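Novice: Given the coordinates of chain W, assemble chain E onto it according to the supplied hints.
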Amino acid sequence: MTNHAWSLLGLYLVLLLLSVWPLGRYIAAVMEGRVRWLRALERAIYRLCAVDPGQEQGWLQYALSVLVFSCLGTLALYAVQRLQVRLPLNPEHLANVSPDSALNTAISFVTNTNWQGYAGESTMGYLTQMLGLTVQNFLSAAVGIAVAMALIRGFTRHGALSIGNAWVDLTRVTLYVLLPLSLAFALVLAGQGVIQNLAPYQAVQALEAGAQPVPSTQTLAMGPVASQEAIKMVGTNGGGFFNANSAHPFENPTPLTNLLQMLAIFLIPAALTATLGHLTGDARQGWALLAAMAIPFVAAAVLAISAEQQGNPILTGAGADLNIGVAHDSQPGGNMEGKEARFGIADSALFATITTAASCGAVNAMHDSFTPLGGLVPLVLIQLGEVVFGGVGSGLYGLLLFAILAVFVAGLMIGRTPEYLGKKIGPFEMKMTAIAVLVTPLLALVGTAIALMTDAGRAGISNPGPQGFTEVLYAFSSAANNNGSAFAGLSANTPFYNVLLGVIMWFGRFGVIVPVLAIAGALAAKQRIPVTAGTLPTHGPLFVGLLIGTVLLVGLLNYVPGLALGPVVEHLLLWTGSFGGAQ
Amino acid sequence: MTRATRALFDRHLLGPALIGALAKLDPRAQWRNPVMFVVYVGSLLTTALWVRALWGGGGGSAMEAPGFILAIAAWLWFTVLFANLAEALAEGRSRAQAATLRAGKRTLVAKRLRAPSYGAPIETVPGSELRKGDCVLVEAGDTIPADGEVIEGVAAVNESAITGESAPVIRESGGDFSAVTGGTTVLSDWLVIRVSVNPGEAFLDRMIAMVEGARRQKTPNEIALTILLVALTIVFLCVTVTLLPFSLFGVDLMPAGTGAQPVSVTVLVALLVCLIPTTIAGLLSAIGVAGMSRLLQANVIATSGRAVEAAGDVDVLLLDKTGTITLGNRQAAAFCPAPGVTEAQLADAAQLASLADETPEGRSITVLAKERFNLRGRSLQPLDAHFIAFSAQTRMSGVDLSGPGGERRVIRKGAADAIAQHVQSLGGTFPAEVRSQIDEVARRGSTPLVVSDGALVLGAVELKDIVKGGIKERFAELRRMGIKTIMITGDNRLTAAAIAAEAGVDDFLAEATPEHKLRLIRKHQAEGRLVAMTGDGTNDAPALAQADVAVAMNSGTQAAKEAGNMVDLDSNPTKLIEIVEIGKQLLMTRGALTTFSLANDIAKYFAIIPAAFVSTYPVLGALNVMGLASPSSAILSAVIFNAIIICFLIPLALKGVRYRPQGAASLLRRNLGVYGLGGLVVPFVGIKVIDLGLGLTGLL
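Just so you know, the protein sequences line up as chains W and E, in that order. Numbering-wise (numbering that gives the first Met the number 0), the first sequence opens with residue 0 and increments by one. Numbering-wise (numbering that gives the first Met the number 0), the second sequence opens with residue 0 and increments by one.
Think of the hints as simulated: they come from the structure by calculation, not from any bench. It is possible that part of the hints are untrue.
Calculated lysine to any residue pairs in the SDA-like style (CA-CA distance at most 20 angstroms, straight line) [claimed, not checked]:
#, chain 1, residue 1, chain 2, residue 2
1, E, Lys471, W, Thr218
2, E, Lys217, W, Pro529
3, W, Lys430, E, Lys217
4, W, Lys430, E, Ile222
5, E, Lys522, W, Pro529
6, W, Lys430, E, Ala230
7, E, Lys217, W, Pro426
Partial list, computed: chain W residues near chain E (C-beta under 7 angstroms) [unchecked claim]:
#, residue
8, Arg24
9, Arg156
10, Val408
11, Met429
12, Pro440
13, Met452
14, Arg527
15, Thr534
16, Pro536
17, Asn557
18, Leu572
19, Leu573
The structure presented is a predicted model; accordingly, all values stated were derived computationally and were not measured. Yeah, the Cβ is synthetic: ideal placement off N, Cα and C, and Gly gets one too.
Just chain W, with the same shape it has in the complex (with noise of 0.2 angstroms):
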């Protein structure tokens, strides 16, 4: 790694970390109901929903709102989709979606995937863009939070029958947590230089005018990108306006838009570890979820970087120096294939781990063309289930359900029945927390085997060997688990690829939600068992080396073979000189 990859990443962590308490202590404040600057727009918000924000609601009445709040968003978002034409704000008149396209899509980002099997610019008009995708990128977001809040409240309330009322918590969330981060987030890249207009799209004269085969004219994509990039990045949504996500000079113009885009992808991941510390009376244990999150997250970062900095050997062996002048930060080498000249290795290598740690999936490079290590790393963080950090809420929750893993083997190993922050874990929080666990890898390895043992799933391959089948494991990696990065290279804006991937996005979401908010029911209505010498204290190293451990045997155990035959056989190909079929 290059001083400037260390300098990138320290800086990165150093300003993270300053964010994590005040922001933290912010949404516990608002979950509690006791951040009121809006409340006479959150009172009619109430009115006209006929919601009472008193009432509060059982686990099964807060699964099934956030089920019906989820199912009308999708609906929403296809219809928006499949009626563009008639609709207004469309310059440049683009057609209708196709129904799975548009149902791929509407899941997609109702689920905070943000899986995008179409190329946005081509596909989707100004109003879909703002109507559809951005408020469901709101939406989205504020479900995960919601849902984590839930979680909090099992924990800390005792002997009780509800855990608070969806709409309430969705309304607040979005009001004054993701609503003011994304307005203000917005300004700071619209300054930048990221766009933000309703203007047809503009045909102007290239600068290498005349020398073919690049034309003379090109054609930039307009829109109102700003308010869209903002919310991607805080909801860690992922959906790029433009098909080059935040490759493109419109989404992600500079350095400095990109740090602050990194830093907008953890944000609200971090913060609610202290929310949490917050609200269970005891800071400790946040701060021990958020080493357990940024310990795994820092080694992938060193990895990724390194990998790419490393290059590639067969170049190398043709003759082409990829180490030219390592000493010079400026001009660091390594694999440049796929990447932005702007940002470069650690940039992008960072912005990788980043993306794909949170279950954002924007991406500022072709993760196609990294590295096999260097691409083993963001498919090692997706599969570990979007818990290194993870999505808004579901990295929360999906790491809480770990810690509870974690507690049932460790507690049973210091002679007690598990319990974790007060509550005893029984049979049926197990059984939650199993299918939470597992449902996601069973959703990615059945569809991989799906596509791969059928002609609809194999042609969407183009890739040979190993590679391919990387492509294919990612794209069901990251679809289950509500990422949305693609691994590019395979084709899947097919009716196969869309409807399997819808599917799995959609279990792979609600599949977790619903039993996570079982547990939080169930947990509620236990009791808090005080602290004692024999308690298992869940605050210091020693549990965070054990939920680490936990997460790492528990989310790869099950991808091993997996990786083995995809990145593992090419890098080890790669790095014995016999790629190509050369064996």
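Specialist: Frame of chain W, contents of chain E only:
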């Protein structure tokens, strides 16, 4: 009662266990353990594949040779059998222990009356033969053989084993004081008792039923753990099943003629069995049964497996003062003479009054006098002494002296009010100074015994509750384990506080009534704590029923035994501490083996993945870090390791992981180190050794 110690692999147990292991191959028995059921199905499947291969079916690769498939199938069957053996062994040990207990059960001798009246002919029978409605005679010094009702006579009964009250109580026919409980001792006089219950033999039978496989109920924690294991099994099933299409895809994209072979079903079954947590699943029921067995070894009969598990979680321990924290009987600690009386005079009189007193308290007075004033026990003969025994009517004991040369003396000792009455009847007065001394003694947590000579009050003897040796250290140990101890006593607050401080308990409940105990338990439970208590009296029954872990003394009443979920055959109230340790050990063993089992998967992946796919991607040979001889040897070694590790861990499952009373964090660090790190490293070594062995013996 002696503790049954038994070799882990007793010859007499191993034979029946082997037969039991075969009998458990019944699919209905296997279905009870879903993880092992998967292995069972895998064994059937590979056996079928072997038969097919014999007839020339299947492919021609090394992984599809009949010999290889047979070897895998055989070791899968062994895996199932070893798990069965572990369970059968544990069950056999428990049965043998229960049988020993049943045979050696202490039988009280009862004097059964042929007719329900004093003086009727007596026949001597074992207490266990008494049935409801029988009448028995109990005389001074006898233990009451069973719960019953007094129909004739008045007597002082020592119920300290039951009520915790060290002072004797009066039991007489008719009225409120006619009920007596088994295990209590008659101190004076005699009683005719009508037995009201049949003996509680049923507990042992209930315990035996609990260790028998078919009727064994899973405990909540066992269920939760099984859920986790089943979930892992499902996901690994999915991993291996989807591996076939992954492999086919890889092979399809290879140029023809590279010799790439898709992974065979035998290898997939082998991988599946190695990945699913067979080690813990195979030993899980053995661990549970062995926990019961360890309880039996401690002479405790549990009537619910849930209680044994809960014992590991106990946060609050309610302990009766008498018999648990203090010795059952009080001992003389000091002489407090009345004004004008020397201490030696008081000691002399007290000793004289106690020379013929065979109660522990009486003996302790004699001993104290000897220690303090070198007053030797004298023969009463020359003094022409006439000993007056304690009786329920007078509530005093003493001696009348009328020896030659000695003046006539009437010495009495007894409770303050009884002596006051006695001296007043002789025309004396009870000095106010003695009265204040008595209060002072009570404040120190002791009981005063007043001594009089004729109409003169000589002073008081302080009878002190003696805190058991070593009990303070046990309580400190419990505190380190995170368990709060609460002493329960009928004494007043002052006395209770003094003893609590001396014994080092965390808290106490003084002047405890059954309602108080019940309220205390409910209060702690409402705070989310798990409460354990011991009890033996009928009045303990409600509290026992409420407590999470309730140990009834075998000497206690039937009602107490029914209300509790464990019975201690030794009637030793400190047994609770051992029970807590056994409960913790049970949970720790489960946790340790689960961790071990999961950590094993990493080495198994390193053995099997390169072996299974090296024909498609020769570069994967780089992952063969153990340097195993050949792909088939690697896979077989992993399967063999997976089977025999169950055998190796049977002793650990039966004996349990050792428990040390230390804080949670250090305990976890230790066990994570041993079983987590061990689970990572051991299979690497084990698989390599088996692989070398296979190569040496030329089996493959």
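Novice: Indicate, hint by hint, whether the structure satisfies it.
Specialist: Taking the hints in turn, this is what the structure says about them:
Between E:Lys471 and W:Thr218, the direct Cα distance comes to roughly 87 angstroms. Violation of the 20 angstroms bound is thereby established for this hinted pair. Between the alpha carbons of E:Lys217 and W:Pro529 the distance comes to roughly 27 angstroms, so the proposed pair goes past 20 angstroms and is violated. A threshold of 20 angstroms between alpha carbons decides the hint, and for W:Lys430 with E:Lys217 the separation of about 15 angstroms falls inside it, so the pair holds. Distance restraint check for W:Lys430 and E:Ile222: the Cα-Cα separation of roughly 10 angstroms lies within the 20 angstroms cut-off, and the hinted pair is therefore satisfied.
About 13 angstroms separates the Cα atoms of E:Lys522 and W:Pro529, which keeps this hinted pair within 20 angstroms; it holds. For the suggested pair W:Lys430 and E:Ala230, the alpha carbons sit about 8 angstroms apart, so the restraint of at most 20 angstroms is met. Only pairs whose Cα atoms come within 20 angstroms are accepted, and E:Lys217 paired with W:Pro426 is accepted, the gap being roughly 11 angstroms. The interface hint given for W:Arg24 is broken, as the beta carbon of that residue sits about 27 angstroms from the closest beta carbon of chain E, more than 7 angstroms.
Among the interface hints, the one on W:Arg156 is violated; its C-beta lies about 13 angstroms from the nearest C-beta in chain E, farther than the 7 angstroms criterion. Interface restraint check: W:Val408 against chain E, minimum CB-CB distance 5 angstroms, threshold 7 angstroms, status holds. A cut of 7 angstroms between beta carbons decides the hint on W:Met429: the least distance to chain E is about 4 angstroms, and the hint holds. The closest approach between the C-beta of W:Pro440 and any C-beta of chain E is roughly 6 angstroms, which is under the 7 angstroms cut-off, so the hint is satisfied.
This hint holds: W:Met452 has a C-beta 5 angstroms from the nearest C-beta of chain E, less than the 7 angstroms allowed. Given the 7 angstroms rule on beta carbons, the hint for W:Arg527 holds: about 5 angstroms separates it from the nearest Cβ of chain E. Given hint, W:Thr534 at the interface with chain E, holds; its Cβ is 6 angstroms from that chain's nearest Cβ, closer than 7 angstroms. Hint status for W:Pro536: holds, given a least beta-carbon distance of 5 angstroms to chain E, under 7 angstroms.
For W:Asn557, the shortest C-beta to C-beta distance to chain E is roughly 5 angstroms, which falls under 7 angstroms, so the interface hint holds. Using the Cβ-Cβ criterion of 7 angstroms, the hint placing W:Leu572 at the interface with chain E is satisfied: the shortest such distance is roughly 6 angstroms. The criterion of a C-beta within 7 angstroms of any C-beta in chain E is not met by W:Leu573, whose closest approach is roughly 9 angstroms, and the hint is violated.
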